[in-house]
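Participant: Below are the chains, spelled out letter by letter.
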Amino acid sequence: MSLDETQQLAADYVLGTLSAGQRIEVEERLPRDAMLRTAVQQWEAKLQPLTQLVEPVEPSPALWQRIENSLPAKPRAVPATKPGGLSHWWNSVAFWRFAAATGFAAASVMAIAPTVGLFAPARPQFMVVLVAPQGTSPGWVVQTSSAQRLKLIPVAPEPVPAQRSLQFWTKADSWSAPVSLGLVEPGKPIEIPLDQLPPIQPNQLFEITVEPYNGSPTGRPTGPIQFIGRSVQL
Amino acid sequence: MPAGRRRVAPASRLRQTLGYHRRQPCRVPHRRGAWCPIDPLVRPTPVPSNDPTPFDHNAALAACARGDQSALRRLYERENRFLMGVALRIVRDRAAAEDVLHDAFMAIWNRANTFDPHRGEGRGWMCSIVRNGALSAVRASARTVSVDEEFLDELQDADPQAAPDMLDAFSMRSTLGQLDHCLERLDVAKRNCVLLAYLDGCTHTEIAERLSAPLGSVKAWIRRGMASLKECLA
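Here the protein sequences come in this chain order: E and A.
Using the working numbering, read the first sequence as starting at -8 and increasing by one per residue.
Using the working numbering, read the second sequence as starting at 8 and increasing by one per residue.
Among these hints, one or two may not hold up.
Claimed, not checked - The calculated DSS-like cross-link candidates involving lysine-lysine, where the alpha carbons are at most 27 Å apart (straight line), are: (1) 226(A) <-> 37(E); (2) 142(E) <-> 179(E); (3) 142(E) <-> 162(E); (4) 237(A) <-> 37(E); (5) 179(E) <-> 162(E); (6) 226(A) <-> 237(A).
Claimed, not checked - Partial list, computed: chain E residues near chain A (C-beta under 8 Å): (7) -7; (8) -6; (9) 32; (10) 48; (11) 52.
Unchecked claim - Simulated coverage check for chain A against chain E, where a stretch passes if three residues somewhere in it have a Cβ under 8 Å from a Cβ of chain E: (12) 196 to 206; (13) 217 to 223.
Derived from the structure by calculation, the hints contain no laboratory data.
All values reported here derive from a predicted model rather than from experimental measurement.
Glycine included, each C-beta is placed from N, C-alpha and C at the ideal position.
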């Protein structure tokens, strides 16, 4: 009596025992893997009754106000696919959150970028949308103008805790550990030469972590991940 | 000292299993390395029954998809205590749980137009968004949790039947329906593992610590437990 690989992965994902990296991998697979998606939905339905065991807890009265403040000021114009609304959705935090949460952000940018000439004149080869690990708010977009140079562009900056620095890292699948691309400042675009590194590969991991002031003392990420994403070839 | 621990009286052992005597490591990045007691509100005491007045979650989600913010407010007012309880048990910190709820309600608002009532019930869909947000949040800061995997591997295999049954700590079991019957068929060790993972968001290592059991056994119990749950719930 044992589960096949997909069932096991779905069970571990819904049960919650996967690591941060494994969770991200599953969430990236879900939009394009119907079998895994079905398995996850089945496990969610099976285990859902357990949440009835949890004692309800009153959140602070200010929470609704906070949520309301984050909602768009006017009722949202329906979906981003509406023709003619390109500049509107590009500037809409709601759209970016939606897109990131459903895992389609990178794909949408790929589809739209050439038609609206966002990245003209140089056509980028890779694109990365860096999303918070909770998966609802993209913070940065990475764009390469050549395989040896990348731009990190802020979308929705998050503040840095006091006495901490943000550090930018990358790791291709074949590398044993992430490599530092240097410190970044919230809200500030930065261009980084990649001369010392192999060319960017598809699915290469990029992340921004919160490190001690002036960067990780060990040369490896030590703090929590603020944003994370993988490269998509355009 | 597994032998010593096993001599603890069952009632105390149960409290220990559920996290009363142990001081839990904080799981939020801004208090890294600090230790804090589990939130006293996260007690497995009798659960008030859910609001019996009818509420159409699916219709409210459809209204959200049309841009009706009052529908989101109604969903919030209806479910905030339930969802806060679910998030708080996993992240164990009120501020972090409220962050999870904030982001989850943003995701619910932004993704309401992707909700498909044919594939599940609206309340469960919202609950999955909250659980996934909470799990991603604690896993993303996983580096802050200190563990001694070697110690856990060296532990003698605990007598899985001797541990108190976590399910006994909960009332409201009747609402679990078929799931209660299937959990009943698992032995105590497997049942505790499933509950600690699903409700408390514990990793394999944390479960091993809480049950004073070797890591390998915990992994095997979970694998076999989930396989027999699937068979029973089929």
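Participant: Hint compliance check: list the failing hint numbers for this structure, sorted ascending.
Facilitator: 11, 13
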